[in-house]
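S.K.: Spelled out from the first residue to the last, the chains are:
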Amino acid sequence: MSTSTIDRLEGERRQARKDASDRAVSKAEGWRRRGPLLPALIFTVIVTQLPFLVTIWYSLRSQNLLRPGEDLFVGLSNYIDIAQDSTFRQTALNSVVITLGCVLVAMVLGIVLALLLDRPFLGRGVARTMLITPFLVMPVATSVLWSIALLNPTYGLFNWVLGVFGIEAVDWTSTYPVTAILMALVWQWTPFMMLLVLAGLQAQAKDVLEAAAVDGAGPWRVFRSITLPHLRRYIELGVLLGVIYVVNTFDQIYLMTAGGPGTASANLPFYIYQRAFLGFDIGQAAAMGVVVVIATIIVASAALRLIFRSFEVKE
Amino acid sequence: MSDTTRAYRRRTTGGVLTTLTWLLAIGFFFPVLWMAMTAFKQENQAASDPPTWFFTPTLDQFRAVIEGGSATYVGNSVIATGVSTVLVLLLGIPAAYALSIRPVEKVSDVLFFFISTKMLPVVAVIVPIYVVAGQLKVLDNIWTLVVLYTAMNLPIAVWMMRSFFLEVPGEVLEAASVDGAGLMRTLRSVLIPMVAPGIAATALICVIFAWNEFFFALNLTASRAATVPVLIVSTMTSEGLFLARLCAAALLASLPVIIAGWVAQKQLVRGLSMGAIK
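For the protein sequence lines, the chains are A and B, in the order given.
Per this note's numbering, the first sequence starts with residue 1, numbered consecutively.
Per this note's numbering, the second sequence starts with residue 316, numbered consecutively.
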């Protein structure tokens, strides 16, 4: 064996040792970096993911809290029941109608209000403060306010206003329950959309707008070709966040219509609540929960791509 | 068209738009005003047809609400909101640090995980939470709500504070690490003072959501741990005809968040967009 070979082997061994210690250093560094994240991550996994695993387990069993002895493994039969449950389909449809209806109407109104607020006038701060207030009222209070003070058939303010115009009194929450809920929800969520769009308008480069006006573009043209594309990111974000929150609407339905008449205005959260806490049918309620989560994952994975673009999260 | 007519027309359009804005602002605000007015009425004026517009304001309803045993509910709400917000900040600030300044691998996966828990419908987990809480004997216990509200707000807080941390200039942190400051010292003496407004915005959002939360409170509490939203609902069902008193309770319950939101409008926008909008 020549000396050069020995040198080479020695060199390789040294290199290997150095690599190993580099790896050890980077491994330690990796854990040092992960350390601050772990408490939050572990806490979130335990509190949000474990219960969901239990939900899946319950969904395969027939269990009723009123009959503690009966707890059988029933396979997919809870899911088959759901597939045949017309109330489940109706409440799922209501969920879609209420969520999309609220988010879209609130967004259109929010854009109009944001455009109106984006110009200087006397008392703009006061008008803005008044406009955001509905979003700050406790949802439970909102429900009380709408169902009793505004929409009550005998002394509600709404029917009185309609009466001034000669329109007959309407029993809103029982004749048009979904519309009544939508009114309260749109009222609450319009300020949210308005604030997001207004932030977008104020982040707009003013010189581009002036240049367009100098080039002879009218206000509508400027809005369509410059402002609206610029606002797109903000609108997408508002719609996405709105959907996440509004799809879980419970307070207004529970308090304004109790899902009624019958189940005419129940959405999925309310229906599952009814099955679990009024019917004590744990297996069925759990299976519905699982179906809702699967549907949410499908919708959300598309939506999340949008939100990641909005937040400019770097991969 | 001469310059004067053009200027005249612009002024008129401006006037019309301003009037429209005020009409809409008053329209949106009116229900809140009506709630406040009703709270100052006597019961027979509150539920009258036609509505009573002019009346001598009275504090009777507020007195009835405050003296009617609301202290326990307010205390519970304060504990659930306050403690959960502190916990969210204690867990969320280090996590946001590990996702921004000295990042772990796969930052986007972790962020994805956090936000996906917000998309998990609450109804899908309420059944096991109820059953397990029953077995652990923590039903109707305020600390159960504290834990759940912390989990509910933590993902939003992590996203928000990450976006605030990303704005801290790199040189400041380098200077700190050259000085040999460890994680805790860097956080305490450099980062946290710099992102204090961001932390305030995060806390505001957590407070709003926790204070207003009703679904968990309804299902997991009875008499001992019930919070303010539950009080309003029980007032509504037991004394449905006492509209003025109900409005007084609803107004008092909403007031803390309304005032906080009015004062911190700028932080509110940033918070509602989870930090995405500056």
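Wrong hints could be hidden among the right ones.
Unchecked claim - The calculated lysine-lysine pairs, modelled on DSSO-like cross-linking and capped at a C-alpha distance of 30 angstroms, are: (1) K27(A) - K421(B); (2) K581(B) - K206(A); (3) K452(B) - K421(B); (4) K433(B) - K581(B); (5) K421(B) - K433(B).
Unchecked claim - One-sided and incomplete, this derived list gives chain A residues near chain B with beta-carbon spacing under 8 angstroms: (6) K206; (7) L209; (8) A213; (9) F223; (10) I235; (11) L237; (12) V239; (13) P269.
Simulated from the structure, these hints should not be mistaken for lab results.
No residue lacks a Cβ here, since even glycine has one placed at the ideal position from N, Cα and C.
S.K.: Next step is simple, just say for each hint if it's right about the structure.
M.R.: Evaluated hints:
| no. | hint | in the structure |
| --- | --- | --- |
| 1 | K27(A) - K421(B) | 15 angstroms, holds |
| 2 | K581(B) - K206(A) | 21 angstroms, holds |
| 3 | K452(B) - K421(B) | 39 angstroms, violated |
| 4 | K433(B) - K581(B) | 24 angstroms, holds |
| 5 | K421(B) - K433(B) | 20 angstroms, holds |
| 6 | K206 | 16 angstroms, violated |
| 7 | L209 | 16 angstroms, violated |
| 8 | A213 | 12 angstroms, violated |
| 9 | F223 | 14 angstroms, violated |
| 10 | I235 | 12 angstroms, violated |
| 11 | L237 | 6 angstroms, holds |
| 12 | V239 | 12 angstroms, violated |
| 13 | P269 | 4 angstroms, holds |
This entry does not satisfy hints 3, 6, 7, 8, 9, 10 and 12, going by the numbered hints stated previously.
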